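If you're matching them up, the sequences are chains V and A in order.
To convert, note that position 97 of the first sequence is 97 in my numbering; the numbers rise steadily by one, no gaps.
To convert, note that position 88 of the second sequence is 88 in my numbering; the numbers rise steadily by one, no gaps.
Because the hints were derived from the structure by calculation, they are not lab data.
Here the structure is a predicted model, which means the values were calculated and not measured.
Just so you know, not all the hints are guaranteed correct.
[What the hints assert, rightly or not] Not the full set, but computed from the structure, chain V residues with beta-carbon under 7 Å of chain A:
#: 1; residue: Ala-1
#: 2; residue: Ala-5
#: 3; residue: Leu-44
#: 4; residue: Phe-46
#: 5; residue: Tyr-50
#: 6; residue: Lys-69
#: 7; residue: Ser-70
#: 8; residue: Leu-101
[To be verified] Pair by pair, the computed Cβ-Cβ distance ranges are:
#: 9; chain 1: A; residue 1: Gly-54; chain 2: V; residue 2: Glu-15; range: 43 to 53 Å
#: 10; chain 1: A; residue 1: Gly-98; chain 2: V; residue 2: Ser-80; range: 43 to 53 Å
#: 11; chain 1: A; residue 1: Trp-7; chain 2: V; residue 2: Asn-55; range: 37 to 47 Å
#: 12; chain 1: V; residue 1: Gly-29; chain 2: A; residue 2: Val-15; range: 22 to 32 Å
Ideal placement from N, C-alpha and C gives every residue a C-beta, glycine not left out.
Below, each chain spelled out in residue letters.
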Amino acid sequence: AQSVAQPEDQVNVAEGNPLTVKCTYSVSGNPYLFWYVQYPNRGLQFLLKYITGDNLVKGSYGFEAEFNKSQTSFHLKKPSALVSDSALYFCAVRDMGNTPLVFGKGTRLSVIA
Amino acid sequence: SQTIHQWPATLVQPVGSPLSLECTVEGTSNPNLYWYRQAAGRGLQLLFYSVGIGQISSEVPQNLSASRPQDRQFILSSKKLLLSDSGFYLCAWSVPGGPLHFGNGTRLTVT
């Protein structure tokens, strides 16, 4: 069975600094990996995905993520954080079949002006 | 373009009352449909998913049920709500292998 770990409940970063939100995964085959963002009292918004190809995936709002197969990681990154990036971020994984996504517990990002 | 509608946005129900939350998708055919629950603003728990009309998979035993009476309609129900059913309920759709697209959610408070 697939699983996702987001080891940090909370990440604090100063505006303008780079940010990283960590994610590690476990699947039986090749993974489909996703990042989502959630603002208060809203549904989750899709940011980016990795299916195959380049290990560095670019997504919405300047976010990118790096797939590392040997470390089974898919960390979310942004070169320069904005206060408006403050939100709850979820990593998710599925295997190559038509199985539902499994989500991590979420990491709350707080960008301080 | 595809859109997903989920209603109501908020709901306050007494213990023991029935529940019906509805979700509809527009602009796509035969989507995979999902119901998730989010407790305390954190992790998502998959409740039900459906890959076609009348096909419902339940992920956890609980006080809830789901139905898919039409291709793009997904309903979450309960005959008698419990206090523990309170939470933020999210409907989502996807094409096979694709990302999930979420509705805006229903905040349910059982009193």
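So, Phe-46 (chain V) near chain A? Judge it on the closest CB pair being under 7 Å. 5 Å, holds
Verify the CB-CB distance for Trp-7 (chain A) and Asn-55 (chain V) against the hinted window 37 to 47 Å. 41 Å, holds
CB of Gly-98 (chain A) to CB of Ser-80 (chain V), is that within 43 to 53 Å? Check failed, 30 Å falls outside 43 to 53 Å.
Using the C-beta atoms of Gly-54 (chain A) and Glu-15 (chain V), is the stated range 43 to 53 Å upheld? Cβ of Gly-54 (chain A) to Cβ of Glu-15 (chain V): about 51 Å, so the range 43 to 53 Å holds.
Is the hint on Ser-70 (chain V) kept, meaning its closest Cβ partner in chain A is under 7 Å away? 24 Å, violated
Starting from the range 22 to 32 Å, see whether the pair Gly-29 (chain V) and Val-15 (chain A) falls in it by beta-carbon distance. Violated: the Cβ-Cβ distance is about 44 Å, outside 22 to 32 Å.
Interface hint check: Tyr-50 (chain V), Cβ to nearest Cβ on chain A, cutoff 7 Å. Holds or violated? This hint is violated: Tyr-50 (chain V) lies away from chain A, its Cβ roughly 11 Å from the closest one there, beyond 7 Å.
Hint check: 7 Å Cβ-Cβ cutoff, Ala-5 (chain V) to chain A: This interface hint is violated because 12 Å lies over the 7 Å limit.
For the hint on Ala-1 (chain V), just tell me whether its beta-carbon gets within less than 7 Å of chain A. It is violated, given that the least Cβ distance between Ala-1 (chain V) and chain A is near 12 Å, above 7 Å.
Status of the hint placing Leu-101 (chain V) at chain A (closest C-beta pair under 7 Å): The hint holds - Leu-101 (chain V) has a Cβ within 7 Å of chain A, the shortest such distance being about 6 Å.
Restraint satisfaction for Leu-44 (chain V) [CB to CB of chain A, less than 7 Å]: 5 Å, holds
Double-check Lys-69 (chain V) for me: the hint is only fine if its C-beta lies closer than 7 Å to a C-beta in chain A. 19 Å, violated
The earlier numbered hints that this structure contradicts are 1, 2, 5, 6, 7, 10, 12.
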